[in-house]
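Since the structure of chain A is provided, determine the placement of chain B on it from the hints.
Taken in order, these protein sequences are the chains called A and B. Sequential numbering of the first sequence, starting at 1, is according to our numbering. Sequential numbering of the second sequence, starting at 1001, is according to our numbering.
Please note that a few of the clues may not be correct.
As the list claims (entries may be wrong) - For each label pair, taking beta carbons as the anchor points, the in silico distance ranges come out as: (1) D1195(B) to L41(A): 55 to 65 Å; (2) Y128(A) to A1262(B): 30 to 40 Å; (3) K1461(B) to G72(A): 16 to 26 Å; (4) A1251(B) to L26(A): 52 to 62 Å; (5) P136(A) to D1181(B): 21 to 31 Å; (6) G1393(B) to V120(A): 36 to 46 Å; (7) G159(A) to E1266(B): 24 to 34 Å; (8) S155(A) to D1208(B): 51 to 61 Å; (9) K63(A) to G1267(B): 35 to 45 Å.
No lab work stands behind these hints: they were computed from the structure. We treat Cβ as the ideally placed atom computed from N, Cα and C, and that holds for glycine.
Given next are the chains, with one letter for each unit.
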Amino acid sequence: MATTPARRGHGTAGALFIAPFMALFLLLFLAPLGYAAYLSLFQERLIGGSTFVGLDNYVTALKDPLLLKGIGRVALFFVIQVPVMLLLALVLALALDSGLLRLARVIRLGIFVPYAVPSVIAALMWGYLYGPDFGPFAQISHDLHLPAPHFLSDSWMLGSLANIVTWEFAGYNMIILYAALRTIPAELYEAAAMDGAGAWRIAWSIKLPALRPALTLTLLFSVIGSFQLFNEPNLLMKVAPDVIDSSYTANLYAYSVAFISQQTNYAATVSFILGLVIVIVSYAFLLTANRGRTS
Amino acid sequence: MSGPFASPSPSPLTRRGFLAATGALSLAATLTACGGDGGSTGGSSAKAVSQADIDKAMKTPTELTFWTWVPNIDKEVALFEKKYPAVKVKVVNAGQGTPQYTKLRTALKAGSGAPDMVQLEFQAIPTFTVTDSLLDLRPYGAAKLKSTFVDWTWGQVSGSGGEVWAIPQDTGPMGMLYRKDIFDKHGIEVPTTWDEFAAAARKLHKADPDVYLTNLAANQPAAWHGLLWQAGGKPYVTSGRSDITVSVDDAVSRKLGDYWGALAKEGVIGVEPDFTDGWYAALNKGKYATWLTGAWGPAFLSGSAKATAGKWRVAPLPQWDAAKPSAGNWGGSTTAVVRSTKNPVAAAVFAQFLNSDPASARMFATEQFFFPATKALLADSSFLGDAPAFYGGQKVNKVFAEISTEVDPSFQWPPFLDRVATDWTETVGKSLADKSDTVRALGSWQSRITTFAKSQGFTVKGG
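Isolated chain B (complex conformation):
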């Protein structure tokens, strides 16, 4: 509800006065300065910028603006400013994930106010390349970094024409955090296949009705996509600029829908929204015996479920085919350069330095507890040897480093992620929460995406 817009007046309202007032409120709520052409200014060709030009730009006093939600990133930025004293970087926290993307889109449409560099999650990249909002980093030497980064992360930042749209910063290959004490108490072996996992879910809930093997949050499309990724799904395949194949209702997806839908319907897993008060309390109280999450999960959990220190262990996700282990990814992000930047060289050098400079990349792992995207760190003995007490001294990073090698590099994201994610929650997620037919919900999801894509001018194939 909106507040008052006028002080109570002693005289009766006139019709005309209120007509004006009502119209105002309804419109002001939703839209103001949207629309119009953003006007992309970059106009970059794939022609390489010479080293001399790069050197010159890095010695020219410049101020760059960087939108990021990463806490304490000033420390990494300081490394950059130390190496390039002429370039100053202004760090702005414009919100994490979607709120920041909304602001970025508004700034791009308005044609002013957009930053030079921006933190983007992997899945958000196509949403911004379809609007020509990102700068191809190849002319600034980014192609040389291909071998520095884990293959699948490079696949995530590469465009269909070989463009490099962003530089990977951190990743979230998915694994399973589990409560060893609960497993031991009920004689449950760590499940290595999804069949074993389902059997364990039924067994555990039967043994203790207050405990569930896991929680598949009905509001978390990112987790679903990670599991779909692991199962070998290829939900979105884009070719060219305007062709997209949508298959969120194919055999792989249905296998997943059937599996999780059944567990949710039986009530042997939880489906409550994650990252809410109730969810945090549930983790602390031991309502869930596992959390299927990205490699950022272990550090996050040790800060959020302090009451359970020492009781957790880490394992890979259960497999569909134990002979061919595979993994999916949930989370992680990149640094991209906004195409409207007036300092493309300095911005591109910054994006590369921040994530590929060995000292800066290591700092992300030790200061922010990010799970690395560089091959060097994933083979680094001190990183792999870390044995946190929260996980009973297990070498957590080592487990996830192995998982990271099993992530399929060809998984793609749709060019309208927000819509797809919301539609997931309102169809598939809702079916999990309502204990209704999840496979049928996949069909509604598919048709919602298809309808939206067509209305946006895409040529939609598959189904």
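Chain A extracted, bound-state conformation:
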């Protein structure tokens, strides 16, 4: 425990430097979190007011079929959509990085543009494209005397949502991966070329390993995004109300509990459980990824 004056001064300065962050962190992050946790321990009724119920809400939530089904659905969404999206982003990033594409800048921008489109607009646009009567796909199949594809039907809906989300976020993930590729030092490529490695070998043995941290990052974003799926189903609900109900995804359920049923306390509980699920899933992925690296 060397406590020289110099070190102590250093500590104060450090504390001062992080003070603005800590203040905002406490005020805007920990305080609402704590308040939500506090709320989740109560139950407020239209008749009878608010009562302390301990962990009752959590017990109810863990047995709530609507919540479990919502979580199950986004888990399925995650398992199917995320690999497709990340693979697509990876292939695009490698293609751009290879330097073999013409108009690389234009292509890069074009793929990234959907991310810049607000997801509300994107969902509205896709809602029109998917339209069973008057959407372009329906019109084309009508002209070809084929049955119109039922993009908004019960069995297709999750796939249709996955398509929207992939369209929106593949470009975003591509940019992250592409940026990581650009940081690989040129010496590595030169060395590989000296050793006689071809383009595929370089991609496999140099680029992919170097992309690992970036891939982990995009995967984590995707875990969070998938489990919090909200905007797209919320907007498509208007065109397919019989398919997407108010508990279609876990996040949608939390919203409808809070604002339709006015059960703020239960909504806090549902949000906490959803947050917990995300933490567990993300942590599991992070552990797997890190173990892979050290071994």
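Relative to chain A, chain B alone:
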């Protein structure tokens, strides 16, 4: 999906950093400043406020805030401000229907930011009285207006203890808009009973598989309630503050469920969501030969299906019992005063003036094309004589004015409308869309409502 919350970092993520980040997103999405006591401040007794006090308040410079989605309502508000120059009214559009109610509820819970007056649909009133959020307007002279308004509209704004919770503004007694050209082409008489209507539905769809007699939108609980109202249903009966009888699965409801469920299952009517692009296109293209809608429908349709001008006519809804014609209501709204207002007198006078002053009430009919709630206008010859070309010169208002007299005044709404409406779409509406058993879906609806009501502390009877 949420967007990014951090710029891509070159270093690998640390476990701790991301743990903090993930928690943040999931919670921020759904809840923030909810909860806590609203703290009702009004504390009004039923004691009448004297005319002197009212006069004094109306001469005191005051600013009132009014949440409403009615387009161009500034014109009616101007009439009020002209009569009471000391009172200024700030009109705010906080969304139409549910979005506005959500904002209002949040403001009430937060204890600040709520308006003085608010636009409320009839069906939303009990949802706000159960939380003590509205001001009883009786002490401000509202009881005197009873005879001004159509009886059933007064029934809708009256509380179980005789309170006057809001002043009616417009209404939507339900009728049938139909395509005369399509009816004529296939030799279909205008159906006057539901039996005739069902026969016509089968006949029409058989004659032309691209055309359906009507569309009962699977996402539209309001239309269902209007039809239930017409059929004589009493789905929700509240007594006192905490007792409610729920019967959305009784004989009347089952009759309705059986009827519409069968037509939907046979595929002779449409069930697509209404007020969507596809639905508008369908109306313009003549996919549906009728639209069962409220009295606001004719004006709405003439703006939304311009391609079909001159082809539509208007008739009452088909009847269950032709000897005893009855009607239901879909839509219409009121002006209510929020109990937390600091200017209850001025706000209450505003709510009354806006809707009962003859010039202001008439303006709603001529400017906004609202279907009136006052007896005077419904007997007014210039209003009744209106013969729009869109309906081939038929006197549309006259048809609906007669329908309005047949609306049952005792129909009640539940004190948790949003939940009931969502549950309808997810049970009954879904059964229509899926062509599954609608009568069974009524049972699920009933049990969902019952469970919710009990969890909210109500004593639930019936079933």
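Do the hints match the structure? See the list:
1. D1195(B) to L41(A): 55 to 65 Å: 56 Å, holds
2. Y128(A) to A1262(B): 30 to 40 Å: Between Y128(A) and A1262(B), where Cβ atoms are some 32 Å apart, the hint holds.
3. K1461(B) to G72(A): 16 to 26 Å: 36 Å, violated
4. A1251(B) to L26(A): 52 to 62 Å: For L26(A) against A1251(B), whose Cβ atoms are near 60 Å apart, the range 52 to 62 Å holds.
5. P136(A) to D1181(B): 21 to 31 Å: For P136(A) and D1181(B) the Cβ distance comes to about 29 Å; the hint holds.
6. G1393(B) to V120(A): 36 to 46 Å: Because 43 Å falls inside the window, the suggested range holds.
7. G159(A) to E1266(B): 24 to 34 Å: Holds, at about 30 Å.
8. S155(A) to D1208(B): 51 to 61 Å: 29 Å, violated
9. K63(A) to G1267(B): 35 to 45 Å: For G1267(B) against K63(A), whose Cβ atoms are near 39 Å apart, the range 35 to 45 Å holds.
Taken one by one, the earlier hints fail for this structure at numbers 3, 8, listed in ascending order.
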